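*Asks:* Now for the letters of each chain:
There are 2 protein chains.
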Amino acid sequence: MTKINLPETGQPRIVIVGGGFAGLALARQLAGKPFQVVLIDRNNYHQFQPLFYQVAMAGLEPSSIVFPFRKLFQDYSNVYIRVTEVASIETENRRLITPLGIVNYDVLVIATGAETNFFGNAKLAQLAIPMKSVSEALYLRNAILDDYEKALTCPDVEERQGYLDIVIVGGGPTGVEVAGSLAEMKQYILPKDYPELNVSEIDIHLIQGSGELLTGMSNAASQKALAFLKELGVHVKLNTIVVDFDGEKVSMNDGTTLRARKVIWAAGVTGAPLPGLPETARGPAGRIRVDRFHKVDGLDEVYAIGDIAYMEEEAYPKGHPQLAQAAMQQAANLASNLLRQKAGKPLRTFKYRNLGSMATIGRHRAVVDLPRFQFQGAFAWLIWLLVHLFQILGVKNKVFVFFNWVWNYLTYDQSLRLIIRPRAPSHKNN
Amino acid sequence: MTKINLPETGQPRIVIVGGGFAGLALARQLAGKPFQVVLIDRNNYHQFQPLFYQVAMAGLEPSSIVFPFRKLFQDYSNVYIRVTEVASIETENRRLITPLGIVNYDVLVIATGAETNFFGNAKLAQLAIPMKSVSEALYLRNAILDDYEKALTCPDVEERQGYLDIVIVGGGPTGVEVAGSLAEMKQYILPKDYPELNVSEIDIHLIQGSGELLTGMSNAASQKALAFLKELGVHVKLNTIVVDFDGEKVSMNDGTTLRARKVIWAAGVTGAPLPGLPETARGPAGRIRVDRFHKVDGLDEVYAIGDIAYMEEEAYPKGHPQLAQAAMQQAANLASNLLRQKAGKPLRTFKYRNLGSMATIGRHRAVVDLPRFQFQGAFAWLIWLLVHLFQILGVKNKVFVFFNWVWNYLTYDQSLRLIIRPRAPSHKNN
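Chains A and B supply the protein sequences, listed in that same order.
Numbering of the first sequence is given in this note's numbering, commencing with residue 798 and proceeding in unit increments.
Numbering of the second sequence is given in this note's numbering, commencing with residue 798 and proceeding in unit increments.
So that you can see chain A by itself, here it is in the shape it has in the complex:
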């Protein structure tokens, strides 16, 4: 196998695997610095995960929440993008194996994030729709619209229910946000687009395994999220686990079933594996065990940051929450340490600073937990909106795009309810 085409610049080569919040933040902080930075991702874009559900609901275009790496790094000649997957790591040779060839590294940073956890259920893995990529969100959008079209011409009530009803599994932020926006779609958009459908036939079910929603958040947030969802007409089932799905029918552990062709799976994540790491590096839930300097246990010059990293801190004996803010804080600390190391300065221990967490339920209701107090409702939603806008702006930094985004987000009527799939030749055209 040949080496991947990369110039030898004489600078230490830092290879970052994964361009999510952690990998992107690290690459940005090392851009223009005396390193050769190689960012490897299987897509040519960064995905702004908190808003995937908006793409699925046809509320935003994919291009509003994904950002091409090449454009982000246009002005930095020391950053090299390679769109490929990593097959394995050979730590003894300090190199990665990819379909495009071998990549040598001086420093390796693993930022592969987390992937959907189906808890070993192969059928669910095959048929349920996860929400971990914009491609999946687009698939869900197409499936929802396709099924409404089919429901229109389906005379059988039972069968029609399968087309119309949607089951969301998992009551974390993603599940709650999807349920809330589906409920609003049902209320505000569908009656206009599908006057022939009886909107009251559409049921949105949210199934949560534990006794409350948003388990990582405060009690007040959990209670209020439940109340908001009920206001919006979502059927919430707590203490219930989905055990089976055959593409038509969802079965739960309490023996009940629901008829639905679309099951959205937001029930949990597990570390995205990367073959070639030693046993010592293996942490809980598929994560990679790192020390307080992000260094992978038992390896030299190999680091892990973001959702994949498992670091025990005094205040977080079970590791940090798998959130964008943890990923970005870790990236910032690692970037600074890499520069300090180069300058011969002492390294800094990572310390996570919890800035709070939030979730939105539809467009005018949110729950916000700050370290010292909590609040819910319309003002919380405004805060949610502002925080996400500024995050997007942080990536994109374009005022016009910003206003465009606000407009798209605030107006329901997005004209995005399009079922479009790229089509290869050798099909009949249309």
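Some hints could be false.
Remember, identical chains collapse to one label, so a pair may be satisfied in a single copy or spanning two.
Unchecked claim - In silico DSBU-like pairs for lysine-lysine, Cα to Cα no more than 35 Å straight-line:
#1 920 with 1046
#2 800 with 989
#3 1034 with 1148
#4 1139 with 947
#5 830 with 1092
#6 1115 with 1142
#7 800 with 1027
#8 1148 with 1027
#9 1139 with 1027
Treat the hints as calculated values from the structure; they're not laboratory data.
Treat the numbers as computed from the prediction; the structure is a model and nothing was measured.
Let chain A serve as the given structure and place chain B on it in line with the hints.
*Replies:* The following block gives chain B in isolation, referenced to the frame of chain A:
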């Protein structure tokens, strides 16, 4: 087989097959009128074909040039959308057969348009990329970007050429517009996004069968289009026919070959067939022969408009040009005749009014033929831009979207260079 689910409103049912320029214009003119209008299309959106190439070049989002039917007809309860294909027509029973069921009609309007003509070459039909749908344009966008990524890590010059070079077959408006915008992409965008690529290695070839480009236009327009393309560095080959393509190599009838993995096919169209029409209805080039009232020869209450219709007029003994303006004029005349017929008034004979034609070559050069005079260059391009903007506005009618569109169109830096495909579950997520 059961009937498709459609209410009996007591009004005569006009079924329109195809929501292109002709079908959409007709449906809009009959919206709110005393008919039940059923619009059948295989997509849930109207496609603004003149700008497909902009989607392919990552200059515009699909959502900027496609418009969901349901949104367009939200305010008209007499218009029913059915997203399906027509398998066949049974004129003796006045009904259509579709996968969703049988559709009875009182009046049938065929507006199925034209599809890509590969002139019987099965290999080209399989491997070349047509530009007759936004799905194909998206496919081409993904293919171009994928191939640039591959070229980056391809050390072999010959093989790299295959990834970089693009062959466009057909020198009509689509071919010329694609070639022009690819040339601009090469000049302005690629050096910024792919500083590692040697842009001069990229060759864009336009192959035209006849001795001039834009054969339907004036001699001045043809000459100037050729000059503009040469200015932009496009290799134009006239009097040459592509005879073979194996996915890697394009062969021409002069014995020469070109290495390219992407062949864009814009060499001609043929009527999109619809089984069940009698022999008498068959016109040249797969089109349907109609009288001066758009009525299909030999059939009652069956009409054809748009690219599929073949009507001989004194001034157009070989039928009208297959252009949006002909389609929309025919739709307007048929709509008015259907209303006149209902009111017992005499029908009006169709008469095509040529408003001129135009093509753009890149962003600052165009050629315009008006009935009485021709002009080319920057002012022509401004006219081209305004005409298309107003056409889009005619469909969409939203001021903000309009400015958004202008902005997207005028700024090169669109952040749309994304390789996104909807992804079904049962894939590893990313």
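*Asks:* Against each hint, give a clear statement of whether it holds in the structure.
*Replies:* Tested hints:
For the homomeric pair residue 920 and residue 1046, the shortest alpha-carbon distance inside one copy (12 Å) is at most 35 Å, but the shortest distance between copies (43 Å) is not. In this assembly of identical chains, residue 800 and residue 989 lie within 35 Å of each other by CA distance solely across copies; the values are 25 Å between and 56 Å within a copy. Proximity of residue 1034 and residue 1148 under a CA criterion of 35 Å is satisfied in neither setting, with 37 Å inside one chain copy and 65 Å between copies. In the homo-oligomer, the alpha carbons of residue 1139 and residue 947 lie at most 35 Å apart only across protomers (33 Å), although the nearest pairing inside one protomer, at 61 Å, exceeds that limit.
Only within a single protomer do residue 830 and residue 1092 lie at most 35 Å apart by alpha-carbon distance; the minimum there is 21 Å, versus 72 Å between protomers. Within a single copy, residue 1115 and residue 1142 get their C-alpha atoms as close as 30 Å, which meets the 35 Å cut-off; across copies the closest is 82 Å, which misses it. Proximity of residue 800 and residue 1027 under a CA criterion of 35 Å is satisfied in neither setting, with 57 Å inside one chain copy and 38 Å between copies. Proximity of residue 1148 and residue 1027 under a CA criterion of 35 Å is satisfied in neither setting, with 38 Å inside one chain copy and 60 Å between copies.
For the homomeric pair residue 1139 and residue 1027, neither the shortest alpha-carbon distance inside one copy (55 Å) nor that between copies (51 Å) is at most 35 Å.
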